[in-house]
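Enquirer: Fit chain B to the known structure of chain A by using the hints.
Chains A and B, in that order, give the protein sequences. Residues in the first sequence are numbered from 1 upward in steps of one, following the numbering used here. Residues in the second sequence are numbered from 322 upward in steps of one, following the numbering used here.
Mixed in with the good hints, there may be bad ones.
Said to hold, decoys possible - Derived lysine to aspartate or glutamate pairs resembling DMTMM-like cross-links, with alpha carbons at most 25 angstroms apart:
hint	chain 1	residue 1	chain 2	residue 2
1	A	K229	A	D255
2	A	K265	B	D333
3	B	K451	B	D379
4	A	K130	A	D118
5	A	K271	B	E454
6	A	K229	B	D477
7	A	K130	A	D58
8	B	K550	A	D160
9	B	K550	A	D155
10	A	K130	A	E289
11	A	K271	B	E350
12	A	K130	A	E196
13	A	K130	B	E454
14	B	K550	B	E368
15	B	K382	B	D333
16	B	K550	A	D118
17	B	K382	B	E350
18	B	K550	A	D156
19	A	K229	B	D481
20	B	K451	B	D475
21	A	K229	A	D118
22	A	K229	B	D476
23	B	K592	A	E47
24	B	K592	A	E133
25	B	K445	B	D481
26	A	K229	B	D475
Derived from the structure by calculation, the hints contain no laboratory data.
There are 2 protein chains.
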Amino acid sequence: MDARVSGRATFDLGVWSAAHLQRVEQALERWVSADAATDAEGGAPAELIAAMRYAVLDGGKRLRPLLVLAAAQAAQSASGERSDATSTPEVALRAACAVELIHAYSLVHDDLPCMDNDVLRRGKATVHVKFGEASALLAGDALQAMAFELLTPDDDAIPDRQQAALCRLLARAAGSSGMAGGQAIDLASVGVALTERQLRQMHRLKTGALLQASVMMGAACGDVSSQAKDALMSYGAAIGLAFQVVDDMLDVTADSATLGKTAGKDADQDKPTFVSLLGLERAGVYAQELLAQALAALARSGLPETQALQGLAQRLVNRSC
Amino acid sequence: MDARVSGRATFDLGVWSAAHLQRVEQALERWVSADAATDAEGGAPAELIAAMRYAVLDGGKRLRPLLVLAAAQAAQSASGERSDATSTPEVALRAACAVELIHAYSLVHDDLPCMDNDVLRRGKATVHVKFGEASALLAGDALQAMAFELLTPDDDAIPDRQQAALCRLLARAAGSSGMAGGQAIDLASVGVALTERQLRQMHRLKTGALLQASVMMGAACGDVSSQAKDALMSYGAAIGLAFQVVDDMLDVTADSATLGKTAGKDADQDKPTFVSLLGLERAGVYAQELLAQALAALARSGLPETQALQGLAQRLVNRSC
Chain A
1 MDARVSGRAT
11 FDLGVWSAAH
21 LQRVEQALER
31 WVSADAATDA
41 EGGAPAELIA
51 AMRYAVLDGG
61 KRLRPLLVLA
71 AAQAAQSASG
81 ERSDATSTPE
91 VALRAACAVE
101 LIHAYSLVHD
111 DLPCMDNDVL
121 RRGKATVHVK
131 FGEASALLAG
141 DALQAMAFEL
151 LTPDDDAIPD
161 RQQAALCRLL
171 ARAAGSSGMA
181 GGQAIDLASV
191 GVALTERQLR
201 QMHRLKTGAL
211 LQASVMMGAA
221 CGDVSSQAKD
231 ALMSYGAAIG
241 LAFQVVDDML
251 DVTADSATLG
261 KTAGKDADQD
271 KPTFVSLLGL
281 ERAGVYAQEL
291 LAQALAALAR
301 SGLPETQALQ
311 GLAQRLVNRS
321 C
Chain B
322 MDARVSGRAT
332 FDLGVWSAAH
342 LQRVEQALER
352 WVSADAATDA
362 EGGAPAELIA
372 AMRYAVLDGG
382 KRLRPLLVLA
392 AAQAAQSASG
402 ERSDATSTPE
412 VALRAACAVE
422 LIHAYSLVHD
432 DLPCMDNDVL
442 RRGKATVHVK
452 FGEASALLAG
462 DALQAMAFEL
472 LTPDDDAIPD
482 RQQAALCRLL
492 ARAAGSSGMA
502 GGQAIDLASV
512 GVALTERQLR
522 QMHRLKTGAL
532 LQASVMMGAA
542 CGDVSSQAKD
552 ALMSYGAAIG
562 LAFQVVDDML
572 DVTADSATLG
582 KTAGKDADQD
592 KPTFVSLLGL
602 ERAGVYAQEL
612 LAQALAALAR
622 SGLPETQALQ
632 GLAQRLVNRS
642 C
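Isolated chain A (complex conformation) (with noise of 0.2 angstroms):
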């Protein structure tokens, strides 16, 4: 019996991560062309999608997406079905991309030169570098509504109370109580001292809010005892602000070729952090507080094959970039 299959003492995080990356990279590169928005008449103009496809593929850790087919496996576990490493149900695939596709649009509009005004992004010049500022907003705006067409096939492979339910979790997420009103907050904090409460708050929504929405619609793939949902709501608010906690240590202690962004940019725009908060090394021991939690929620769920949510989570704490 191959190891994978035989039991989850032998699981492998790195295999897991590698066969399932695999799937969503080919996900991506295939929803996001110009034969899948193309209609009878003929549809999205190809300068627009070569936007599209240069903000979303080829790069990214695809974080979002793992914990969309993390939580998805845990949840099927709990009634009964087995995964394993060669089928992933279509509806996590799609889970997993439409989270990524809000992602990657929030990427190309917070690198705008009325934003962020960065021009390095994973190493490659942003995407208003390459294309211009205008169709850096469309590409943007487009990718955030081919989030909500991925989750909504027109077709009888998804139940429509999955669709439902996943569209609503993710504009939640997306939207002027999660990520769009993190950034709003974060935009008017620049040169402000923020308290720790306010700085978890901002926090919380602007990347909070869509990790957690990934566990969650995870999590809406299956079917979970609300004890297991609870549970699965915890691990994600805490891993959301580790993520975050970690961000702000990197930004300091990471040099750009290794973050592939521009480093040292908190600082320079007198933005409150928790390494400015904390210190540093206060910073990393809350970091390690917050895997801990992330850590007993998950064993608190009831949930059986939780393997890959924790790996995900020690991974996440535990990063260098």
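Expert: Then chain B, alone, in the frame of chain A:
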């Protein structure tokens, strides 16, 4: 018996519009608010909500919401449901407002300096002039997300089947093979000589897709035959194109004060229009032909109550601003 209730012969578009407009305005006022977006831990930032409200409230002819409500009324009449002037189903009101949020966000982004760089909209300063570019960008992004939030309430008021169908229609109409795609073609067309076919294709996406989606989302609020659905598709396509032909004519014939936006911009920017292609007179004839197509489509729909849809088509083509 009240004339409004007694039958179709006495239908009065002015009365119908006034009643339905009021409901749309009240619903937008209620839904685009800090309260609505606030959750237990504190939600959307006030500044972002202020920019979103500025973009949406107290302005606009609400053509798209009225199309949704008119089509919903026609669709419901097919199943023998009789709507009166005092009630509008929740699902239709949500669909109407969702479409308007997409329209409003598109205007905010369209007015940005990197796009049309317009300072006047509906006789008021544009959102970026009032709130700054970054806030305008985020407000537009958040409005798009909020549209999908409106369509996916977390209760049993709207069946999952309708929630999914409405999200599907709206996402396609807003995205790369709809509105955003049309704007990208528009962007690339400045100073380029388009054929009539290419011009139609551009506008079919840029403005037509969302107008047609308004009609089809209304239809999705009821249960219509495929014959009626096809007829409404044709109606939506015809008025979508007619809207743009008339828009191009008004850009030449009306002044900025009447339009509430800068007139004569198309010619200044050397953009291809139906007037530059056909001349003013033939453009007018074309608009009337499209109106006749729209009315013929309604006649073959088999739906009992299409008076509001008829009236809106006539108003749209014969408007002076």
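Enquirer: For every hint, state whether the structure bears it out.
Expert: Here's how the hints hold up against the structure:
Between A:K229 and A:D255 the CA atoms are separated by roughly 38 angstroms; this puts the pair beyond 25 angstroms, and the hint is violated. Restraint check: the Cα-Cα separation between A:K265 and B:D333 comes to about 61 angstroms, which exceeds 25 angstroms; the hinted pair is violated. In summary, the hint linking B:K451 to B:D379 is supported, as the alpha carbons are separated by about 15 angstroms, within the 25 angstroms threshold. Only pairs whose Cα atoms come within 25 angstroms are accepted, and A:K130 paired with A:D118 is accepted, the gap being roughly 12 angstroms.
Between A:K271 and B:E454 the alpha-carbon distance is near 19 angstroms, which keeps this suggested pair within the 25 angstroms criterion. For a cut-off of 25 angstroms, the pair hint linking A:K229 to B:D477 stands: about 20 angstroms separates their Cα positions. The straight-line distance between the Cα atoms of A:K130 and A:D58 is roughly 15 angstroms, inside the 25 angstroms bound, and the hint therefore holds. Taken as a hint, the B:K550 and A:D160 pair is honoured in the structure, with Cα atoms around 20 angstroms apart against an allowance of 25 angstroms.
In summary, the hint linking B:K550 to A:D155 is supported, as the alpha carbons are separated by about 18 angstroms, within the 25 angstroms threshold. Straight-line distance between C-alpha atoms of A:K130 and A:E289 comes to about 41 angstroms, which puts the hinted pair past the 25 angstroms bound. Taking the CA atoms of A:K271 and B:E350, the gap is about 34 angstroms. The hint is violated against a cut of 25 angstroms. Restraint check for A:K130 and A:E196: not satisfied, since their Cα atoms lie roughly 38 angstroms apart, outside the 25 angstroms limit.
With a CA separation close to 21 angstroms, the supplied pair A:K130 and B:E454 stays within the 25 angstroms bound. Proposed proximity of B:K550 and B:E368 is contradicted: the alpha carbons are some 42 angstroms apart, above 25 angstroms. Of the supplied pair hints, the one linking B:K382 and B:D333 holds, its CA atoms being roughly 18 angstroms apart against a limit of 25 angstroms. Of the pairs offered as hints, the one joining B:K550 and A:D118 is violated, with about 47 angstroms between alpha carbons and a cut-off of 25 angstroms exceeded.
Using a Cα cut-off of 25 angstroms, the hinted pair B:K382 and B:E350 holds, with the two alpha carbons roughly 15 angstroms apart. For a cut-off of 25 angstroms, the pair hint linking B:K550 to A:D156 stands: about 20 angstroms separates their Cα positions. Of the supplied pair hints, the one linking A:K229 and B:D481 holds, its CA atoms being roughly 20 angstroms apart against a limit of 25 angstroms. Taking the CA atoms of B:K451 and B:D475, the gap is near 34 angstroms; set against the 25 angstroms cutoff, the hint is violated.
For the suggested pair A:K229 and A:D118, the alpha carbons sit about 38 angstroms apart, so the restraint of at most 25 angstroms is broken. Among the hinted pairs, A:K229 with B:D476 is consistent with the structure: their alpha-carbon atoms are about 18 angstroms apart, no more than 25 angstroms. Using a Cα cut-off of 25 angstroms, the hinted pair B:K592 and A:E47 holds, with the two alpha carbons roughly 18 angstroms apart. The straight-line distance between the Cα atoms of B:K592 and A:E133 is roughly 19 angstroms, inside the 25 angstroms bound, and the hint therefore holds.
Taken as a hint, the B:K445 and B:D481 pair is broken in the structure, with Cα atoms around 39 angstroms apart against an allowance of 25 angstroms. Taking the CA atoms of A:K229 and B:D475, the gap is near 16 angstroms; set against the 25 angstroms cutoff, the hint holds.
The structure does not agree with the numbered hints 1, 2, 10, 11, 12, 14, 16, 20, 21 and 25 stated previously, though it agrees with the rest.
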